[in-house]
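> Heads up: the sequence lines are chains P and W, in that order.
Counting along the first sequence from 1, when you hit position 88 you're at 88 in the working numbering, and nothing is skipped either side.
Counting along the second sequence from 1, when you hit position 276 you're at 276 in the working numbering, and nothing is skipped either side.
Take the hints with a grain of salt, since some may be wrong.
As the list claims (entries may be wrong) - Some but not every residue of chain W turned toward chain P, in silico, with C-beta under 10 Å:
(1) A81
(2) S89
(3) V114
Just so you know, the hints here were simulated from the structure itself, not pulled from any lab data.
Here a beta-carbon is modelled for each residue, glycine too, at the ideal position from N, C-alpha and C.
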Amino acid sequence: MPKILRSPLPLVLLALVIIGGVAPIWLDAYYLGIFTVAYYFGVFAMSWDLLFGFAGEVNFGPTFLIGLGAYGAGLLNNAGWPLPLCIVGGAVIAVIGGVALAVPALRLRGPYFGLVTLVAVLLLLDFIVIFAAQTGGEIGMMVPDVLSVSTAVNYWYAFGFLVIAGAILFGLSRSALGLILQATGQDRVEAQALGFNVTKHKVAAFAISALFSGVAGAMLTFYQGTASVDQMVDLSIAVQIIIAVVFGGRRTILGGVLGSIFLVLFDELLRPIGQLNTFVVSGVALLVILFWPDGVLGYVLRPREER
Amino acid sequence: MLALQILVDGFAISALYGLGAVGFTLMFGVCGVLNLAHGGIMVIAALVGWWVAANYGVGPYGGALVGLLAGLAASFITYYAVIRPVQRSRAIPPVEEEIFILTSTLLWGIMLQVGLDYAFTDNPVTMQPLLPGVVRIAGIRVPQNEVLIAVLCWAVIGLLSLLVNRTRIGKQILAASINPRALTLLGFELSHVYLVVWTIYGVLAGLAGVLLASFLGASADNAGALTASAFTIVILGGLGSVPGSLIAAYIVGYAETLTAYLIAPTLRPIPALIILVIVIYIRPQGLLGRR
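Next up, chain P with everything else stripped away, as it sits in the complex (with noise of 0.2 Å):
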């Protein structure tokens, strides 16, 4: 604790909390709009990073987690519930969707974990094409509220959760729920030696993953007004939450967010480029990966701890 006192970081943090809160006052709406959507987008990455950077397992399903949330949550609210119970029906199927997968899920190792939560995310858009009738397939679905019309109050919304979620994720990633998953993801067997109960603690890792991914597929959801499966389930989102997170440095938390940003930001100054800007951005991931696999915050942050 005294280590994180001495270091700079609290303070900086607390300069970039205060900056982002008062946003909306300096910032043009347009690009309040896509910070809104890139908060959001730092809470999917902070989420799968504590299952990759902590727990050492490789979720290619992050979007099975957060498609469960919207959906659970659109379908909900077409049902007649009201907003706030959406949210929570939509985390709570997320967190049902998501022990039910990781429980049996997680005697597997490696490489066929990885397809198991493949597998889930290619079978739940199967299902949400065959049931267009209810989920409005490959069109989206759309949801009669919205959690406000004024922009600035959206940004405070997505600012606010990603705010929270930032502090319980990065709080539990210092915890011992933290330090047990970091020693499972390095040496399982050592782990289990020393009285872990490993499974346990991974579940209870994929749970809280997929509690925030879950409430932020449904808080995106009543965002923009629809669930769609290509901005919440498709492969390409994984992707991109995978590459937040890589890019900003896995194992850190707080370089999701980072990442995420970046991402968002990128994409919308090679908006010009069209369809090549996914290439340069995958390409700008790839080196980042091969060059610098810490991430930009590990690189940052690393050289200091281990002094």
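Given chain P, work out where chain W should sit, using these hints.
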């Protein structure tokens, strides 16, 4: 009649799936690389082959040959530009190498897919059949091209088995998959063996891509689905097991064909995924997997 149609169509499709998956599983078995850019490499071969055949008047065989070479080139680029840097990087701990290879090949595959989409649009293209005309097999009409593809796939798989089991380099490949360290200690250059495997892989993926283009058609958008189907087959059969992959290719091929004919073509990918999930839960090492 319908049953026979399913039997014949399923056989050809499965043979093609098998060909695509054999290279993928060989790559994992020997080099320990799960190449998520697999679909991208197949689609490069397919689209380049189609484009050359359509624009340069070299006929379907000339196009197929150029396509195959394009697949081979893409395989080498993947190895030198993506896999080797990850394997040689000092900053990546060995424990995490697998995750980094998965992530970087996934990114590379997306770059291939988007690049191809940009260059060729995402309209599906179908290459001119290598053999025009139809034959009648037990009363049903089968395109000769389909027969040729099935025969070609099995011939290549047969050749591969001869190469691996009967030649000197094949035995080195086999040894590298069992115990790479011992092979190095015996004085063989491991990176040389890997290069041979990447060559074989490029030829197999390229050929599978070209045949796919002349059979079902291909587009840049297929890249992800092709990777997923190869991955499915390989996991189902057991990672690294070539016979397992072939059996799994037939299970997946027939499951898809049955669904497409009997239930609805839109549900085509679903049974394979469900079979896969069940197999993974009951027998995670796959049908013939070693671990």
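> Determine for every hint whether it applies to the structure shown.
Hint-by-hint comparison with the structure:
| no. | hint | result |
| --- | --- | --- |
| 1 | A81 | 9 Å, holds |
| 2 | S89 | 6 Å, holds |
| 3 | V114 | 4 Å, holds |
Consistency note: the structure conflicts with none of the earlier hints.
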